[in-house]
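Enquirer: One letter stands for each residue in the lines below.
Protein chains: 2
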Amino acid sequence: MPSDEFIVTPWEVKGHVDYNKLIALFGTQPIDEAILARFKKLTGSIPMMLRRQVFFSHRDLNWILDQYEAGEKFALYTGRGPSGQTHLGHLMPWMFTKYLQDAFGAELYFQMTDDEKFLQKDELSAYATRGFSYDNCLDLIALGFDPKKTRIFLDTEYVRTLYPIALEVAKRVTFSAARAVFGFETSTNIGMVFFTSMQSAPAFLPTILAGHNVPVLIPCAIDQDPHFRITRDVAQKMGYYKPALVFSRFFPSLLGLDKMSASLPETSIFTTDTPEEAKKKIANAFTGGRTTVKEQQELGGVPDICAVYQYSFYLFEKDDRRALELRQECLQGVRACGECKKELAAKVVQFLKSHQIARERARDHIEDFIIRDCSD
Amino acid sequence: MPSDEFIVTPWEVKGHVDYNKLIALFGTQPIDEAILARFKKLTGSIPMMLRRQVFFSHRDLNWILDQYEAGEKFALYTGRGPSGQTHLGHLMPWMFTKYLQDAFGAELYFQMTDDEKFLQKDELSAYATRGFSYDNCLDLIALGFDPKKTRIFLDTEYVRTLYPIALEVAKRVTFSAARAVFGFETSTNIGMVFFTSMQSAPAFLPTILAGHNVPVLIPCAIDQDPHFRITRDVAQKMGYYKPALVFSRFFPSLLGLDKMSASLPETSIFTTDTPEEAKKKIANAFTGGRTTVKEQQELGGVPDICAVYQYSFYLFEKDDRRALELRQECLQGVRACGECKKELAAKVVQFLKSHQIARERARDHIEDFIIRDCSD
Numbered sequence: 001m002p003s004d005e006f007i008v009t010p011w012e013v014k015g016h017v018d019y020n021k022l023i024a025l026f027g028t029q030p031i032d033e034a035i036l037a038r039f040k041k042l043t044g045s046i047p048m049m050l051r052r053q054v055f056f057s058h059r060d061l062n063w064i065l066d067q068y069e070a071g072e073k074f075a076l077y078t079g080r081g082p083s084g085q086t087h088l089g090h091l092m093p094w095m096f097t098k099y100l101q102d103a104f105g106a107e108l109y110f111q112m113t114d115d116e117k118f119l120q121k122d123e124l125s126a127y128a129t130r131g132f133s134y135d136n137c138l139d140l141i142a143l144g145f146d147p148k149k150t151r152i153f154l155d156t157e158y159v160r161t162l163y164p165i166a167l168e169v170a171k172r173v174t175f176s177a178a179r180a181v182f183g184f185e186t187s188t189n190i191g192m193v194f195f196t197s198m199q200s201a202p203a204f205l206p207t208i209l210a211g212h213n214v215p216v217l218i219p220c221a222i223d224q225d226p227h228f229r230i231t232r233d234v235a236q237k238m239g240y241y242k243p244a245l246v247f248s249r250f251f252p253s254l255l256g257l258d259k260m261s262a263s264l265p266e267t268s269i270f271t272t273d274t275p276e277e278a279k280k281k282i283a284n285a286f287t288g289g290r291t292t293v294k295e296q297q298e299l300g301g302v303p304d305i306c307a308v309y310q311y312s313f314y315l316f317e318k319d320d321r322r323a324l325e326l327r328q329e330c331l332q333g334v335r336a337c338g339e340c341k342k343e344l345a346a347k348v349v350q351f352l353k354s355h356q357i358a359r360e361r362a363r364d365h366i367e368d369f370i371i372r373d374c375s376d
Numbered sequence: 001m002p003s004d005e006f007i008v009t010p011w012e013v014k015g016h017v018d019y020n021k022l023i024a025l026f027g028t029q030p031i032d033e034a035i036l037a038r039f040k041k042l043t044g045s046i047p048m049m050l051r052r053q054v055f056f057s058h059r060d061l062n063w064i065l066d067q068y069e070a071g072e073k074f075a076l077y078t079g080r081g082p083s084g085q086t087h088l089g090h091l092m093p094w095m096f097t098k099y100l101q102d103a104f105g106a107e108l109y110f111q112m113t114d115d116e117k118f119l120q121k122d123e124l125s126a127y128a129t130r131g132f133s134y135d136n137c138l139d140l141i142a143l144g145f146d147p148k149k150t151r152i153f154l155d156t157e158y159v160r161t162l163y164p165i166a167l168e169v170a171k172r173v174t175f176s177a178a179r180a181v182f183g184f185e186t187s188t189n190i191g192m193v194f195f196t197s198m199q200s201a202p203a204f205l206p207t208i209l210a211g212h213n214v215p216v217l218i219p220c221a222i223d224q225d226p227h228f229r230i231t232r233d234v235a236q237k238m239g240y241y242k243p244a245l246v247f248s249r250f251f252p253s254l255l256g257l258d259k260m261s262a263s264l265p266e267t268s269i270f271t272t273d274t275p276e277e278a279k280k281k282i283a284n285a286f287t288g289g290r291t292t293v294k295e296q297q298e299l300g301g302v303p304d305i306c307a308v309y310q311y312s313f314y315l316f317e318k319d320d321r322r323a324l325e326l327r328q329e330c331l332q333g334v335r336a337c338g339e340c341k342k343e344l345a346a347k348v349v350q351f352l353k354s355h356q357i358a359r360e361r362a363r364d365h366i367e368d369f370i371i372r373d374c375s376d
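These protein sequence lines are chains A and B, in that order.
Counted from 1, the first sequence has number 57 at position 57 by the numbering used here; the numbering is strictly sequential.
Counted from 1, the second sequence has number 74 at position 74 by the numbering used here; the numbering is strictly sequential.
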């Protein structure tokens, strides 16, 4: 793979992702000033992740806002592939989803694709993916979602509801269409070939439960778009609304790769990391700093490739003016990497402490959020 | 397709099937004298369908009988693709299954693959395949299965139990392996690619429910073997017993084709046919008779291609001596087709009358047989 190339599929993100190219490649829309203005008008403000283009692209977001303005509430749908513990990269789109729930009074359907991760990962048992599902729930609940408006389900526990919808999808997707979208290999197992039907199903769940068409907005990282291209194709054939989507960038790796990876612990800060672990990871993080203090002062740093700066920009520095200052000071060489790391570490540790308290409290509330076909 | 060729897959049977070739092609075993002797020894008699080679082939049937002799009971598993009403061709293997349940005290797990038929047939809705499932149940129950030892389930209603097992299967079956077995086309939908996992699942259900390995015997028409070749491959990888199989021939079409087809009503006698309908179909049946009475007397008839003779031989003439006499009289030209048709019609009408009474009674007992993940 040449250095200017990249791969983005639901199961693999490699190389340095050019988000403008990705918009052109996937045929999605950029989030433009007009959309920001609509958020301002409808909710009173523009959320940080939209202002900063962390959520940078969409499909049919204007249509969702049109429907909302016309009095038709939308539901939210997002999810998680429970293959390990939750890290900050997972929390980012959930925080945006929480904002959307609060700002628009939207119900959230949250899918734990324990089936997918079991099928995908040789080393994961069904027991393990179920366990991670319940563990990951705690992080979701800790963010403060409204239990009256939030339904979390594991595919294997809600399959009696989901399977008939998935069958309706699967009947309309040929193997060759799926292969064209996902690039299956001959060694791909037959569960993975089918799985996209299960990921499509919740996009129609609000409509099926309500008995009439309900608009659905899916906030997710852009690597999930291939699934939902299929969902949108099929929606039309089934007479349902196409789900709208709003896409985030990939949360940066602490080691300067392009996406955090739960399988490489040093690239990510997990929600269960101790303050010491978090500090150590940040201390070892890849930065845009120069090799000597002298060079740093003369040439300035490179915040755009700096994991520490990205962490602040994506999540931890809420103040736009201060975020810009950090960037300018870095470019001008008046900031050393050590300062940035120290400031970020303090914020991350503070976040982890309060998140971990909320996460423990969430243990008592799981059953307020989980839905199943039947009680166990 | 040259006239001596034939196709046998779970979804298509075409041409004149050469059962010896099929045994060689599929790599199954013939039912030999030694097996018949074992049935005689273990159950006191040899059932008609084995004596007459209607069930003609197997995989690991000796092993099942070994286990049985060693005191390890086996479970039975068979099923139905509910794409229409039940005809006599469907009843045939169920009757043999009933014999096996009675003779060996075996539990039966009966799968209604309403998912498969929905996926396979463009014209069938999920509502329709569910409806046929419940309708077909009546015929099964009418045969007198023991409600204490028989569990019938629809895939869509028992999917929470089946899906985790199907996932274990699917994870171990590559797309290319499945394509090699089933010959998928690029237009095959992704549900059909996955489906074989759902058909494999019940083969492991007795083991999973019991918590220890339970031998399973699957009586079915030989076109289902491709599914169970996959099941047997995967069983080994999962550390489970491979299911054993006993295979029937295809029940003949009244019009002289090779398999009855529910989509061509004149080829089959349905369990809900009126006496008049049944008589008319038999009157119009394809026979091995000659074009004139003179020719028939001189040359004799050809019972081996005669649908009317096959019906008697497969199901309706229980007396071996009488069945042989019918054959001889036909070959010698001392029987006219009209006689055979009249005698068969009388037996079929008698059967239908009592079956239809039992079928109506079965309506009150469906819930004694059906299992679901949860009550509706």
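These are computed hints drawn from the structure, not numbers from a lab.
No experiment lies behind these values; they were computed from the predicted model shown.
Accuracy of the hints is not assured; some may be wrong.
Each pair may be met inside one copy or between any two copies, as identical chains are not told apart.
Computed cross-link-like contacts, DSS-like style, restricted to lysine-lysine with a CA-CA straight-line distance of at most 27 Å [what the hints assert, rightly or not]: (1) K342 with K21; (2) K237 with K121; (3) K73 with K242; (4) K121 with K242; (5) K41 with K98; (6) K148 with K73.
Enquirer: Run through the hints listed earlier and report the numbers of any the structure violates, in increasing order.
Expert: Checked against the structure, the only hint that fails is number 1, while the rest are satisfied.
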